[in-house]
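Order-wise, the sequence lines are chains X and Y. By my numbering, the letter at position 83 of the first sequence is numbered 169, and the numbering carries on one by one without gaps. By my numbering, the letter at position 11 of the second sequence is numbered 80, and the numbering carries on one by one without gaps.
To be clear, the hints were calculated from the coordinates, so they are not data collected in a lab. Careful, some of the hints might be misleading.
As the list claims (entries may be wrong) - Just the calculated beta-carbon pair ranges, DEER-fashion:
#1 X:R102 <-> Y:Q72: 30 to 36 Å
#2 X:E154 <-> Y:E125: 37 to 43 Å
#3 Y:S176 <-> X:G89: 37 to 43 Å
#4 Y:T95 <-> X:Q103: 37 to 43 Å
As the list claims (entries may be wrong) - Taking lysine-lysine and the BS3-like style, the derived pairs with C-alpha atoms no more than 25 Å apart in a straight line are:
#5 Y:K148 <-> X:K130
#6 X:K130 <-> Y:K164
#7 X:K101 <-> X:K169
#8 Y:K138 <-> Y:K126
#9 X:K101 <-> X:K148
#10 X:K157 <-> Y:K164
#11 X:K148 <-> Y:K164
#12 X:K169 <-> Y:K111
#13 Y:K111 <-> X:K164
#14 Y:K137 <-> X:K130
#15 Y:K126 <-> Y:K164
#16 X:K97 <-> Y:K126
#17 X:K164 <-> Y:K138
#18 Y:K111 <-> X:K130
Unchecked claim - Covered stretches of chain Y, going by a simulated chain X footprint (3 or more residues, C-beta under 8 Å):
#19 92-98
#20 167-177
Given the structure is predicted, the values throughout are model-derived calculations rather than measurements. Just so it is clear, CB atoms sit at the ideal spot from N, CA and C, and this is done for glycine as well.
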Amino acid sequence: EAGVAQSPRYKIIEKRQSVAFWCNPISGHATLYWYQQILGQGPKLLIQFQNNGVVDDSQLPKDRFSAERLKGVDSTLKIQPAKLEDSAVYLCASSFLDMRTGELFFGEGSRLTVL
Amino acid sequence: EDQVTQSPEALRLQEGESSSLNCSYTVSGLRGLFWYRQDPGKGPEFLFTLYSAGEEKEKERLKATLTKKESFLHITAPKPEDSATYLCAVRGFQKLVFGTGTRLLVSP
Numbered sequence: 087e088a089g090v091a092q093s094p095r096y097k098i099i100e101k102r103q104s105v106a107f108w109c110n111p112i113s114g115h116a117t118l119y120w121y122q123q124i125l126g127q128g129p130k131l132l133i134q135f136q137n138n139g140v141v142d143d144s145q146l147p148k149d150r151f152s153a154e155r156l157k158g159v160d161s162t163l164k165i166q167p168a169k170l171e172d173s174a175v176y177l178c179a180s181s182f183l184d185m186r187t188g189e190l191f192f193g194e195g196s197r198l199t200v201l
Numbered sequence: 070e071d072q073v074t075q076s077p078e079a080l081r082l083q084e085g086e087s088s089s090l091n092c093s094y095t096v097s098g099l100r101g102l103f104w105y106r107q108d109p110g111k112g113p114e115f116l117f118t119l120y121s122a123g124e125e126k127e128k129e130r131l132k133a134t135l136t137k138k139e140s141f142l143h144i145t146a147p148k149p150e151d152s153a154t155y156l157c158a159v160r161g162f163q164k165l166v167f168g169t170g171t172r173l174l175v176s177p
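Just chain Y, with the same shape it has in the complex (with noise of 0.2 Å):
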């Protein structure tokens, strides 16, 4: 069965203190995975797909990086608006399989 693992499930952080979030993942046959963003009250929003090991993606302070087993998601220099949980998913042959995520606070 398809699984993915977030951590830490919370991070604290002071406005500009850059840091990364984990998502390992166990799946059959990665056919992507994927990271979301999901402030209170909303659906989750995309932001990034990984196809293969070695693989990167960039936007504004959100790096994402992939290996064979898993995913970090780092953020450089964040800002309070940065403060939301951050899903990771992964898909095999079947469904999409979400963890749990990263809530992350970042202080002024």
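Isolated chain X, as found in the complex (with noise of 0.2 Å):
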């Protein structure tokens, strides 16, 4: 079974300047989350969704991040304008159900440097 994919593996920008990630979630999972997560912590939770609605956005700074799930299945996660503190892992989960069982399938993320 293939996991939760997710690209650019890394990414280097300057403050202010705009990026874009991508996840594709482990098939038939219609639970999907986004998660930052800063050098020497615990992942926070950002945004999930449950096909193709918003569950939870509490902890999403939305004045500069946003996210969207197209049809159900792939996600795009994007900042823009990039400032210095959003350096971090930004890890996409799946699961199948809402989590009930707490088994959430992470890929391996993306590690963003805002310099």
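Please dock the two separately framed chains into a single complex, following the hints provided.
Next up, the structure:
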């Protein structure tokens, strides 16, 4: 079974530039999550999708971050404009249902460095 | 607000030296406590789910236990390949909240 795919794995940009990350979840998984993991910290939920709809985006900095999930499959997370504090690993995860078992499947992440 | 605190931040063990990692939590209406393993440069990998006090789960050299206020991840006779960061997370009525993890290094 193919895992969660993310790209790019690494990205270096200047502050105030924009960046986009892509995620392809495990086939059949209805729920998709984007997490931000700053070095030395645990993952922090940015946004959760259930199929096409947003379930939770309470911690998404909406003035600069946006995310969409087209046709309930792939998802894109965009940052515009980026700030130094956005340097982190952006993890995409998926689950079959609404995570009742707690088993999220994570991708390898996209590491962003903002200079 | 739901909170998770993990200790110690880092732990260095000799191969075969058993120990425990701690996860203390405060949550409104626990719907599950989860343990994940994260290797450098990788995403977290699910290990266990615990739902109620007194519950235990085992997998190879790992055993997770749960009380009303904390969970322990016991590592028996660890091997170098057990070196990783171990993350604890809780789910209450809202989102899954992760702790900052315990970095475990097992030396041969």
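Practice task
With a cut-off of 25 Å on the C-alpha distance, tell me whether X:K101 and X:K169 pass.
Solution key: holds, 5 Å
Practice task
Sort out whether Y:K164 lies within 25 Å of Y:K126, counting only the CA atoms.
Solution key: Within the cut-off at roughly 23 Å; holds.
Handout entry: X:K148 paired with Y:K164 [C-alpha distance capped at 25 Å]
Key = OK: X:K148 and Y:K164 at ~18 Å, within 25 Å.
Practice task
Assess, step by step, whether the Cα of X:K130 is no farther than 25 Å from the Cα of Y:K164, and give holds or violated.
Solution key: holds, 10 Å
Practice task
Can you take a look at whether the region 167-177 of chain Y is actually covered by chain X? Rule is 3+ residues, C-beta closer than 8 Å.
Solution key: holds (count 4)
Problem - Hinted pair Y:K111 and X:K130, Cα distance within 25 Å - result: Judged against 25 Å, a Cα distance of about 16 Å means the pair holds.
Handout entry: Straight-line alpha-carbon gap Y:K137 to X:K130, limit 25 Å
Key = Holds - the C-alpha atoms of X:K130 and Y:K137 are around 24 Å apart, at most 25 Å.
Exercise for the section: Could you grab the alpha-carbon distance between X:K157 and Y:K164 and see if it respects the 25 Å cut-off? Expected result: holds, 24 Å
Exercise for the section: Sort out whether Y:K138 lies within 25 Å of X:K164, counting only the CA atoms. Expected result: violated, 38 Å
Exercise for the section: Starting from the range 30 to 36 Å, see whether the pair X:R102 and Y:Q72 falls in it by beta-carbon distance. Expected result: holds, 34 Å
Problem - Given hint X:K130 paired with Y:K148 - CA-CA distance at most 25 Å - result: It is violated: about 30 Å lies between the C-alpha atoms, which goes past 25 Å.
Handout entry: 25 Å Cα cutoff - pair X:K169, Y:K111
Key = holds, 24 Å
In summary, the structure is inconsistent with hints 3, 5, 16, 17, 19 from the numbered list given earlier, while agreeing with the others.
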